[in-house]
Amino acid sequence: MSKIKMSLPIKAFVLLMALNLVMTGIVVFMADDYETKHAVAMFGLSIFSFIFVGFLIVVKDIIFGEHWSKVSPVIKAIWWFLFLGNSLNFINQFMTTFIFN
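Converting from the sequence shown to the numbering used here requires adding 2 to each position, the first position being numbered 1.
Worth flagging that the hints you see were computed from the coordinates, not collected in a lab.
Hints are supplied without guarantee of correctness; some may be wrong.
[Said to hold, decoys possible] FRET-style restraints, in silico, Cβ to Cβ: (1) I93 x M19: 15 to 25 Å; (2) S71 x Y36: 45 to 55 Å; (3) E37 x A79: 17 to 27 Å; (4) I59 x F102: 21 to 31 Å.
[Said to hold, decoys possible] Calculated lysine-lysine pairs in the BS3-like style (CA-CA distance at most 25 Å, straight line): (5) K39 x K78; (6) K62 x K72; (7) K62 x K13; (8) K13 x K78; (9) K62 x K78.
Don't be surprised by glycine CBs; every beta carbon is placed ideally from N, CA and C.
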């Protein structure tokens with residue numbers, strides 16, 4: 003049985019997402035009241051969105067590269083939906099946390 007090789011950027015993004023999940027979970031358990039837990043969970047979700055946007059850019063540029071024009075329009079629409087959704091989530095949480103408070 004042959005091993006499947008994962009590229010270094012994919013390993014790095016998987017590691018970052020796992021660390022984000024663990025750290026968010028630890029901080030939520032350490033928080034005292036509901037409002038603090040909600041704020042920490044939302045901030046952890048925004049960090050996840052930020053990491054995922056970077057992952058999507060790597061997928062588009064490194065994995066698809068010059069073949070992006072040959073990719074199915076359905077896959078492109080899904081990619082743009084994920085990219086815009088996560089970007090807007092991060093921007094919303096960042097502005098809510100640091101600008102509007």
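Which hint numbers doesn't this structure obey? 3, 5
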